[in-house]
Structure formats: C-alpha cells, structure tokens
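Q: Listed here are the chains, written in short residue letters.
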Amino acid sequence: MRRGVTEKQSGLVQGTLDMLILKTVALEPMHGYGIGVRLEQISKGALQINAGSLFPAFRRLERDGLIKGEWRATENNRRAKFYALTAQGRATLKRETEDWEQQTAVIARVLRASAVKP
Amino acid sequence: MRTLLSRFVGGLRALFQPQRTELELDDELRAYLDEAVERKMADGLSREDATRTARAEMGSVAAVKDDVRDVGWESLVDTLWQDVRYGIRTLGRSPGFTAVAVLTLAIGIGANTAIFTVINSLLLRNLPVAEPDRLVRIVAGTVDTTRNTCVWPTCQDLWTYATWEQVRLRTDLFDGAFAYSSGGAFNLGTAGEMQSIEGLFVSGTFFSTLGVPALVGRTFTSSDDVPGGGLDGPVAVISYRCWQRRFGGAADVIGQSLVIEGVRFSIIGVTPPEFFGLEVGRAFEVAVPVGTDTLIRGADSMMRSEDDALRIMIRLKPGQSLEEATTTLRAVQPEIRTGAMPKGFPELEEGFLTHAFTLLPAGAGTSSMRLRYEMALLTIFAVVVVVLLIACANVGNLLLARGTSRRQELSLRVALGAGRGRVVRQLLVESLLLAGGGALVGLILAGWGCRGLMALLPAGLTATPFLDVSFDWRVLAFTAMVSLVTATLFGIAPALRATRVAPIDALRHHGRASAFGGSVSGSLVVAQIALSLALVVAAGLLVRTFARLGSVALGFDSDRVLLVVVDAQRVPIDPVDRPRFFQKVVDTVRAVPGVSHAAGSMFAPVSGTVSQMRVDVPGGAVLPEGERVSLRHFITPGWFRTYGTPVHAGRDLDERDNAGAQPVVLVNEAFVRRFFPDGNAVGRTVTTARNDLPVGTRTIIGVAGDATYRSLREERQPTIYLPLAQWNLPFPLNPRIFISVRPVAGSPMALAPSVATAIAGVDRNAAFMFRSLEDQVYASIAQERFVAMLSGLFGVLALLLAGLGLYGITAYAVARRRSEIGVRIALGAGRADIMRLVIGRSLGVTAAGIVIGLAAAALATRFLGRLLFGVTPLDPATFVAVALLFIVVTTLAAFLPARRATTVDPLIVLRSE
Numbered sequence: 135m136r137r138g139v140t141e142k143q144s145g146l147v148q149g150t151l152d153m154l155i156l157k158t159v160a161l162e163p164m165h166g167y168g169i170g171v172r173l174e175q176i177s178k179g180a181l182q183i184n185a186g187s188l189f190p191a192f193r194r195l196e197r198d199g200l201i202k203g204e205w206r207a208t209e210n211n212r213r214a215k216f217y218a219l220t221a222q223g224r225a226t227l228k229r230e231t232e233d234w235e236q237q238t239a240v241i242a243r244v245l246r247a248s249a250v251k252p
Numbered sequence: 053m054r055t056l057l058s059r060f061v062g063g064l065r066a067l068f069q070p071q072r073t074e075l076e077l078d079d080e081l082r083a084y085l086d087e088a089v090e091r092k093m094a095d096g097l098s099r100e101d102a103t104r105t106a107r108a109e110m111g112s113v114a115a116v117k118d119d120v121r122d123v124g125w126e127s128l129v130d131t132l133w134q135d136v137r138y139g140i141r142t143l144g145r146s147p148g149f150t151a152v153a154v155l156t157l158a159i160g161i162g163a164n165t166a167i168f169t170v171i172n173s174l175l176l177r178n179l180p181v182a183e184p185d186r187l188v189r190i191v192a193g194t195v196d197t198t199r200n201t202c203v204w205p206t207c208q209d210l211w212t213y214a215t216w217e218q219v220r221l222r223t224d225l226f227d228g229a230f231a232y233s234s235g236g237a238f239n240l241g242t243a244g245e246m247q248s249i250e251g252l253f254v255s256g257t258f259f260s261t262l263g264v265p266a267l268v269g270r271t272f273t274s275s276d277d278v279p280g281g282g283l284d285g286p287v288a289v290i291s292y293r294c295w296q297r298r299f300g301g302a303a304d305v306i307g308q309s310l311v312i313e314g315v316r317f318s319i320i321g322v323t324p325p326e327f328f329g330l331e332v333g334r335a336f337e338v339a340v341p342v343g344t345d346t347l348i349r350g351a352d353s354m355m356r357s358e359d360d361a362l363r364i365m366i367r368l369k370p371g372q373s374l375e376e377a378t379t380t381l382r383a384v385q386p387e388i389r390t391g392a393m394p395k396g397f398p399e400l401e402e403g404f405l406t407h408a409f410t411l412l413p414a415g416a417g418t419s420s421m422r423l424r425y426e427m428a429l430l431t432i433f434a435v436v437v438v439v440l441l442i443a444c445a446n447v448g449n450l451l452l453a454r455g456t457s458r459r460q461e462l463s464l465r466v467a468l469g470a471g472r473g474r475v476v477r478q479l480l481v482e483s484l485l486l487a488g489g490g491a492l493v494g495l496i497l498a499g500w501g502c503r504g505l506m507a508l509l510p511a512g513l514t515a516t517p518f519l520d521v522s523f524d525w526r527v528l529a530f531t532a533m534v535s536l537v538t539a540t541l542f543g544i545a546p547a548l549r550a551t552r553v554a555p556i557d558a559l560r561h562h563g564r565a566s567a568f569g570g571s572v573s574g575s576l577v578v579a580q581i582a583l584s585l586a587l588v589v590a591a592g593l594l595v596r597t598f599a600r601l602g603s604v605a606l607g608f609d610s611d612r613v614l615l616v617v618v619d620a621q622r623v624p625i626d627p628v629d630r631p632r633f634f635q636k637v638v639d640t641v642r643a644v645p646g647v648s649h650a651a652g653s654m655f656a657p658v659s660g661t662v663s664q665m666r667v668d669v670p671g672g673a674v675l676p677e678g679e680r681v682s683l684r685h686f687i688t689p690g691w692f693r694t695y696g697t698p699v700h701a702g703r704d705l706d707e708r709d710n711a712g713a714q715p716v717v718l719v720n721e722a723f724v725r726r727f728f729p730d731g732n733a734v735g736r737t738v739t740t741a742r743n744d745l746p747v748g749t750r751t752i753i754g755v756a757g758d759a760t761y762r763s764l765r766e767e768r769q770p771t772i773y774l775p776l777a778q779w780n781l782p783f784p785l786n787p788r789i790f791i792s793v794r795p796v797a798g799s800p801m802a803l804a805p806s807v808a809t810a811i812a813g814v815d816r817n818a819a820f821m822f823r824s825l826e827d828q829v830y831a832s833i834a835q836e837r838f839v840a841m842l843s844g845l846f847g848v849l850a851l852l853l854a855g856l857g858l859y860g861i862t863a864y865a866v867a868r869r870r871s872e873i874g875v876r877i878a879l880g881a882g883r884a885d886i887m888r889l890v891i892g893r894s895l896g897v898t899a900a901g902i903v904i905g906l907a908a909a910a911l912a913t914r915f916l917g918r919l920l921f922g923v924t925p926l927d928p929a930t931f932v933a934v935a936l937l938f939i940v941v942t943t944l945a946a947f948l949p950a951r952r953a954t955t956v957d958p959l960i961v962l963r964s965e
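Chains A and B, in that order, are what the protein sequence lines are. In terms of our numbering, the first sequence is numbered consecutively and its last residue is 252. In terms of our numbering, the second sequence is numbered consecutively and its last residue is 965.
Excised from the complex, chain A in its bound form (with noise of 0.2 Å):
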C-alpha cells in the first residue's frame, strides 16, 4: 500500500520508478542522490523523486537480486553506496522496456482511432 502512495505522490504510474531507476544505473553505477538528480535532469525536471520514495525502491530492487550496491568514493571524495545492474537486473529491465513500448503504443493506437471518430 505504501508503494503506491509513494509513486503515486512522485506523479508516476505504478511500478514505472523501479524501471527508470533500472535504466538510470544501467549506463554507470551511481549513488542515491546520483539517480535523483539523474532522473530530474533527464525528465527536464518533470520527475522530483524524493528520498522516501527512492530509498524504499533501492531495496526493494536490492532484495529482488536486480541492483547491487557498494561503497566506493564519489567525484566530491566522500564515501556512498553506488547501485549497479546485475545481470538479471538487465534482463528485467530488457523485458520491462519491451512490454513497456508494446503498451504504450497500443494505447497510443488505440487513443488515435478514438481522436479520428468523435
């Protein structure tokens, strides 16, 4: 239940942050605050994902064996948790990507016919 609640004050259609923290750290491991700044930036700032609801995901993603963290130096030399993709992670987010556009698409087909024929 909190999950919802909490992707859901992020303006995100359920279950869609977990893929988005996927394809953030499948270009290069990165660290929580990372991610975030990742994601506003990459969204134009349209996405502010805050740290409750990032943080109960890096361990939920974590617990499912689909990231992997460790401690390494970031560029400011201070010590935090890198994420990185595990091989299963890649495969989730493969899949998760593919069924992602195949849906969308159909919804989009399907919203078009709907704009021809009033």
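Bear in mind the hints are in silico, worked out from the structure with no lab data behind them. It is possible that some hints are incorrect.
[Stated by the list, open to error] Straight-line distance between alpha carbons at most 30 Å, and here's what the computed BS3-like set of lysine-lysine pairs gives: (1) B:K117 <-> A:K215; (2) B:K636 <-> A:K157; (3) B:K92 <-> A:K215; (4) B:K395 <-> B:K369; (5) B:K395 <-> A:K202.
[Claimed, not checked] Covered by chain A, per the in silico footprint, the following chain B stretches (three or more residues, Cβ under 8 Å): (6) 122-135; (7) 829-839; (8) 850-860.
Computed from a prediction, not measured in an experiment: that's the story for all the values here. Positions of the beta carbon are idealized from the N, C-alpha and C atoms, including for glycine.
Let chain A serve as the given structure and place chain B on it in line with the hints.
A: Same frame as chain A, but now just chain B:
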C-alpha cells in the same frame, strides 16, 4: 523463484543482523544528505541555506527509514516480536490474571488433547507397519464398509488352518499374505498357577509381509513355520516390551529360551518398540510360528482341527485396487473352498462352498476395543469441546474486564498514533500467548490424563489392555490448532471492544461503569450456564445409566463366586476323557472345606464369550429361521446352586445325566417364552437345526431362571444348558474350562489357596488361574464406567467454571460500582436494596442460562440414545435435579459478592474520590 529466494535471504539477513542493516541505511542516508548539501553549495547557496533546503527536501529521516524497513517481509516479524515481548511484559505484570487464564485454558485444552490422543490412537492411526494402506483382510458375510468391520454374528473373519494353506498356495496373486491368531494367553508356568503372556501364532510370512524388521536378531522365515518347528527348532520373536520387562533389555537375549506351555522356544529376534501386533488395544509379547502349535496343543492344534482360528491378511500389489483383488480372490474361491473343506460336517458343506470371500482394508488393524469405545470416546470428545468453550467464555470475560481497566493504557496508545488494527493485533497476541501457555500446560495435563484414562480400562480375563497413547504429529497439530481457535474465540470480542476507545479517554480520569458487566459479558455468562447445564444433564444421564447397569438383576449371585480357569492341556489324558477329568476336578474342589458348591462350564458368565446354536423345536412355536437361535452352555451338575439361579420346573442336572444316559438339557424361561408359548417345556424335545454342529435330539428336563451371560445391556437370551458329561460335538472338549466355586461364607477369593492345592492334587500338570466373578461383572461394564466417570468429572468441572464465571463478573461489577453503592448507602439505601441491586441482574442472567440450557439439553441428549440404559433421554428426575443444582450454585455465586457490596463504607468510598 530466484527473486523469492533472494527476498527471503535478504529478509533473514536483516532479521539476524539488524544493526548492520540499520547502520548501513544510516550511512547511506547521511551520504545522500551530504551530497545534496554539496550540490546546493555548488549552486551558490551558503552552507547553512544548503543544509536547510536539503533537509526540507528529504523530509523526516525516520519516516524514510520506516518506509525502507517496510519493504521486506521481516518488518512484520519484527513488529510481531515486539508485540510478543510487550505482551509477555504486560501479562507478567498481572500474574494472578495470567495464572487463572492459563490454568483455565490448560484444563480445557488439556482435556481435549487427552481425549484426542486416545481417539487418535484407537480410531485414526494406522498400524506402525510398512505401507499399511495396502493391507487387507479376508472376511465373509455382512461387513460395515464405512468402519471396515465384520458385523457379528453373520460375518466370519477367522479361518481354519486348511483355508490358510489354500490361500498360501496362491500368494503370488498378491504382494504376499500371512495368517495369525491373536489373543492366545500363553502359559509360561511349568505347573500350578498360570503365568500368562500375551502370545501370537503367526505364519512365517507375517513379519516380512508386514514390513516389520527385527530390532535385534531376525524375524521368522517360512522355514521356521513348519509343523513341529523348523531347522532351528521351536523359535520365538519377542516384542520390545517383553524384552525390556522380562529380560531387562539384555543384549544377549538372542538364543535365550522361553518355556511356553511346557515347550522350550529359543528367542531369535526382538521387534521395534512401536510394533504392538495387529490388534489395537492389546500388545503381544511373544510370537511363535503357527507350525509350533502341534507342539503346544498337540491333538487340539489348529493344524489338526477344523477350528476357525486364524485371521488371514493380504498385501495388495502396488496399484492393485481392493475391487481387483476381491475379483482375483473370488476367482480362485472354489478351489480354496474345496481344498479346505472340513471333514466330517456334511451338513455344513453347501453353505461353506457358497459363502463369498470379501476383502476389507486392514491398515488400521483390527480392534474390539475400537468397536466398544468408539461411541463413548466421541461422546466424551463432544463433552470436552463444550468444557473448552466454557473455559473460553470464562477467559473472554476476564479479558473484557481487563480491557475496561486497560482503557487508559489503550487510549494513550491510540492518542500516540497507534492504529486500531495495531492495538487489536497487540491484544490478540496477548490472547495467543495465553492460549499458548494453556496449550503447554495442557500438554502436560494431557500426558497425565492419558495415563489415567488407560488405568480406567479394565484387565480382561486373559489380556491386559494396551494402547500406545504417545503424542505424535497429529496430536501436536491438533493442540496447536485448538489453541489458535481458542485464542481467536476468547480474544477477538474483548480486543475489538477494548479498542473502541477515543484518544480523549486517556486524559479523563477513569470513567464510571454504567451497567453491571455489560451486554457482551452478560451473554457470555448466559452461554456458559446454558452449556454447562446441558453438559451436566448429559453427565447425569450417563451416571444414572452406569448406576442402573450396576444394579441389573443378573439372575445369579455375582459377589459369591470364585472363577477358576482350569487348563488340562498338559494333563496326559485322551482328549475325549476331558469331561470325566473336569468332573473329577469339580468333585475334588467341592470337597474342599469352606466350599459350599462348585461346578464346571465352558464359558464364564459376562465374559463376552458365548456360543450359539440354531435349534428346531418339534411342536413348538413356528418362528422364522433368524429367531430359532439359542445360547448354548455346557455345564456340570451343581451349576445352578453355585450361582444361586433357581430351577423353576422339572429337575436340576445330576450325576445320572452322564455319557451313557438319555441326552437331556435344561432351558431358561426366555427359551420357554420364545419356543413354547403355552408354557409347557418339561418333557418336550429340542434338536439341532440343519447347518449347525449337531448336539442331537434331547429331552428338556427342567426350566431355570433367566440369567445374563453376554451383556448386561441386552435382554435375557434363550439359553440351553447341556451337561458337560454328555459332550457329543464332533471334536473334543476344549482343554480349558471354567470352574465356579461358591464359599459357605466369606470372600470367594479367600478360597483360592485351598482350591489350588485341591486341583494340583488331582493332577499336578493341570494349570489354573483365579478371578473373582465380581471383577468379571465389573469389567463387563467398564465402557459405561469410563463414560460415566469422565462425563461426571467434566460435568463438575463445567459447573465449577460456570459458577466461577458468574461469581467473577458479579464481583467485578461490585468492585467497579463501589462508589455508586457507597453513595446509595450514604443516601439511605438499606442492605436489602443493595442486595437486590446486585443479585437482580445476576438472576436475570442465570434464569436465561438455565432455560436455554434445559432446551439445549433436551435437544442434545437424544444423541446419547445408544449409550443410555434404563433412563430415557428426557429423564425428568435428572432434568429437575440438575436445574435445582444450578439454581443453588448460581445463587451462591451471586450472593457472595452481593454480601460484600453491603459492607461498603460510604465514608471511605467518598473520601477516595
């Protein structure tokens, strides 16, 4: 799958290394914040502003941590564990309440566990053998397929040795077969008084087909089971119990010998502790091959006679259904029957050939105890369930009262932000703890209870009852389930009620109770009184049944007779001379000083063993074939005088009625009533019907009074008494008969030593055993005694619990209304007014309880039907007596607190406000 596993492992890690997980999360959050501050400073904010903004964006660290923790399943375990610890502390703070609640539940749960354990052992459990589901036994005739039993008297489940030989030839149709004869009490004594040991004759394939291995040594093979003993001579396998009890568990028991009926057997193996044989309710001590019966019983051996002595069991092939196996067996039935045709009984041949074999599942073993106690046990089970319900109501009431006094604590928790669900969970955890405690103590009580129950079972004439009442997984699962259900039953209503609190209550001083007890606890007490009343009524009927049976006129003097089992097996005489030998023993015993009368007979009264015969009565009433049946009893002269049974018409048996004289019989009055409605029997004749063992045509010389031989419950059966001296059945008289001895005065048992000397004087090879007839009668109503004692015990317990329940809520209400009562007294209320105030409400509750209880009892006692004897299910005396008893007890329970209420001192009460 992998995801689930990694979730599970992660949760475990968090559970077992909570600090490490916590610290890491702290570090991570700190790093997050630091990074945020750093970035914001890079954007040009001052350190102070940056820190403030970052903090504001992040929100409460504690809340984030909570959210993270809630991701895994372990958080549930964590909070539950918190609830448990908190619950233990809370309960520990009120030890009196906890002790009463746990003990009440322990009695309820313990009683249920004990009865269930016995039910499990007797009715549910399979035999401790390999794949019991594939075991079936051969029977013929009427069967009860729901209980897998053979229905007496039209069903046959014992077979001749010849039949077994025929089946043995065809074992490959199945996955093995074996035969055994249960119930032999072997004599270990060499002379004089018998030392019985529970023995089994088994075929060589017995242990291997059952899949029972030897714990020590080996079990039998087919080469051990040959007439007269195999290559190793007579060999025996003993049970674990026998090994421990008679050999002290000696390591070198293999090779030692056991002299059974004068034959030396060498021990070759010991069976595992859990194997007790195939008869549930008894435990074998020694098993010997069927083939050794020729050594033990010589001419009487089942291998040389047409005795139906053996049970035959088959192991089905894997996948072979009962129906397939039955078809297979019936296909070879003609060959088996022809091959096993008894010789010398032409009148039996036709029925013998056509009586079809039936297979019955036998994985649960056979059990006469099961048949006898099934109904009784299930009834007592219902009784203990009611006791548990009453206990639940009691504890529920305690919790309700406690909930009221915990209002402040609970509303404080709600005020501090605990959700209602969370508080209910907390209270339910406390209930579960109470039930768990009750279950633990209950298991201990049940352990004692089971041993007590076993002690209630009477020793039989030759066999000692034995039931393995150890707790197995099924019993533990049952207890766990019962305590769960119990906790829910007594816990849920109080928990829901107690949490109906507003946070503001925490701030108020404890509020005043408006009414006595409240409606929930009031209806709980009504239910309690009603349930316990119904239970006490049922118990009353069962106790009366037992009392009635105890005073049934037996038609003989049960307290004046000593029973002696005399065994002439080893007396070196021709079996056909046995009647003469026994007559000699009887005459010698009669001459013993202090003996007034003595007589011999084939059966002992009320031992459960009788024999029947089909009769034709020329010139008598015309009756359907099923009713032309009579008990058949061989006796010596003096029998009626020994037992004090009158001979009403004609004459008694005497010495003239010997082998050479005219064949005669006496009959009882029931026989006359059935076969000679005109009342004239003396001088008429009876003869054996077709299809039965012939006793020839005999003249009735006298009519004796009716007497009970089989069961105290049944109507007096028509009985024919035949003189032992005129034994003319086509096989020799059994070597073991009963001699009944009546003393001139004093205790029958006191005669035993002089009777022993007298018997040994006739032939020192005669073996014997004493038993008082009174014990025998007592044992015959053991099942009724069992039910009466247990239902009586639980009835008293239920009454006590209900009384305590009523007392409890009244006393509690008085305590809570002290100030109100004080004010009333200060304003001039008298003693009587206060009493009326307190008792008034209790009386309403009691009256409702009694009325509902009587109605419930009237509905419920119908189901006791079969267990009752001499009382009707609606016996007015019992109903009235129980109702009066409840009025007395409940009045007392309300009166005591009421009297205390009148002693309230208004000054003290008002000052304490």
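Q: Each of the hints needs a verdict: does it hold here or not?
A: Hints, verified against the model:
no.: 1; hint: B:K117 <-> A:K215; result: holds (16 Å)
no.: 2; hint: B:K636 <-> A:K157; result: violated (108 Å)
no.: 3; hint: B:K92 <-> A:K215; result: holds (20 Å)
no.: 4; hint: B:K395 <-> B:K369; result: violated (34 Å)
no.: 5; hint: B:K395 <-> A:K202; result: violated (88 Å)
no.: 6; hint: 122-135; result: holds (count 3)
no.: 7; hint: 829-839; result: violated (count 0)
no.: 8; hint: 850-860; result: violated (count 0)
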